[in-house]
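Since chain C is already given, all that's left is putting chain F on it; use the hints.
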Amino acid sequence: MAGTPVLSALDALTGALFLLTALGVVATRQVLASLQLFIAQSLLLTLSAVLLGIARGSIHLFAVAAITIATKTLLIPWLLRYTVSAEVYRTREIERVLNIPSSLLIAAVLIVLAYVVANPLLGVVEVPFAQINLPLGIAAMFLGAFTIAVRREAVPQLLGLLAVENGVFFAGIAIVPNLPVIAELAAAVDVPVVALVVGMLTRRIHARLGTTAVGQLASLREQ
Amino acid sequence: MVLAGILIIPLLASGFALLPLGRRFAPPITLLASAVVLGLATAIAAEVARTGKAAASGEWLTCDGLGALVLLLVAFVSFTAALFSWGYIAESVKRGRRKSIQPYYALYNLFVLSMLSVPLLANVALMWIAVELTTLLSAFLVGFEDTPEALEAAWKYVILTTLGAVLALLGFLILYWGSRVAGLEPFTWVGLVAAAPRMPPALLWPAFLFILVGFGTKVGLVPMHTWLPDAHSQAPASICALLSGVETTTVLYVILRLFPVVGVAPGLDARPWFIGFGLLSVAVATLLFIHVRDFKRMFAFSTVEHMGIILVAAGLGGADAHLGAAYQMVAHSVGKSFCFFAAGVTVLGVGSQDIGAVRGLVRSSPLAALALLAGSFAIAGAPPFAVFVSEFMIFKAGLASGQYLVVALLAVLVVIAFCAVMLHVNRMVFGVAEREIRPAALPYSCKATLALAAIPLVVIGIYVPTPLYDLLKAAASAMGG
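Protein chains in written order, with this note's numbering: chain C, -16 to 206; chain F, 21 to 501.
Residues from chain F shown here face chain C by an in silico Cβ test under 7 Å; the list is partial:
| id | residue |
| --- | --- |
| 1 | Leu171 |
| 2 | Leu189 |
| 3 | Tyr196 |
| 4 | Pro220 |
Since the hints were derived computationally from the structure, they do not count as laboratory data.
Yeah, the Cβ is synthetic: ideal placement off N, Cα and C, and Gly gets one too.
Isolated chain C, as found in the complex:
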């Protein structure tokens, strides 16, 4: 295809920004900033899906892009505002387990690890764009999981979980040539339901306990 090198370069740029937003979610101090970074990350995922869709002439990838825009940049922020607006819009620092410099150091190690994991997969089959999307997607996934581990509050943990999902889809759109309709449905159904369930649970925890610092909930543990 004629435009492939250009598209590939654009996709690489998108991927780099995508990873930066994932790092931002790890490092940010405020809930609202986390949410905005998540929306930016979702937009970059959409952009990558569009680029891949143009390169491959695949209508499926445009569908993924449309679903991502609808669910992750519109529906989820709306759901969060509806269920836990007080949590999202209060400006204060998020309680965390590790300080930011150490978090970023571990994040760097995780990115290297993602390349180690992705490398053997890329050796077997030549798929254009997978070289960019697979390792970066896995890296974003690891960073999201790490965010869940270091955050002690409900909404930031949810955003970490959604970032993991973004990472999986960022990798997924490249490695699965024609994503089946099913996977699109999964994206459409699953992500908002996760957000809704977790959001409502957060609301209940807030109503019952007056806090959403879920890391402080520690009455259940082995003696």
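Relative to chain C, chain F alone:
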């Protein structure tokens, strides 16, 4: 069509629970719906056992030996748990903070629906959605009693198991990639087994590991098990029976499905991973048994132990070990759901989940004491209960194939676990009560559930009917026996 019926009935029951009529009639309708589903599931299982072939192998719905076994177990436990819920949830609403039973029954039916669809859906991607929905639909059931502990448990449950499911999703996407590389097989379990020999091992292997670790979280494999004792001890007893008895088994089913896929691929061997994760889970559960202070938590650890044993049995390989694994799945589902019903009536009677607070139960509440004793004997693996027989089958198969070290380790751990469980239960049932407990009257439906669930508990250890044995055989061969 019968398969579609199994999925539609719980959906209708769920909708009914939300109608104004559901305020009074949701419990009987749920019970009726689950009885019909149990009947249909039994018919399908009997057909699969008789013919030895899949009941349907369409593009959308399918049901082979292993699927029929899991379907039957889910249908059975959802029926007994529906009966138990009738009295238990009414009592819990009367005492607790909740006002209405309607959300409980609406979610209960949807949760059961999601578990029933896991073994029935042919398409692997759809099945992933079903597994993910089992978590999301049961989250509010875990937190139903609305205590701080229950909400904490529900939170950990949702975040950790969803994270696991998303990891597994990457595994499934890589698996899909591999099956495309291997040729145009449909993305079903049958298609995957057909495509596996041509799949590049560099794709199949990471896919397997992502799914094992991701769904292993939901099965409660150590070290991803941390959420399980919390969720399984804080949910209402009827939900614990479903979570522990069949939800874990349903997800384990998915992992067992991968075993033949990896098995036919050249140069890959999943067995050491199965045995490793399995033994680690059994060992950690055994250690946790010794110090446990909450009896519902003790039964939750027993689930971790049983999942480990089934995984070890699958990893030992061979038709006999796989038959033992299938039998252990049945024994676990029947025994563990019974234990949680027994724990439920004990909590109703005594008002505490603390092992230390329950002493001399045999004098204050003989029915709860008898149930607790029988259930604990059954899950700890005393003869003549089914867990004893299945563990014996697994040991024998392992020795026959010369895997002495694994069998020896497993046997030692199982014996320690047995002693620890019986020590705790012995104190609860026969210990000297420090203060007089005035037990509350138990709802009739709870008593009826105990009587009903006790029948298979006692029977399957002594006598396995021929159709069930054929079904176990079919399930074992689906594991690549």
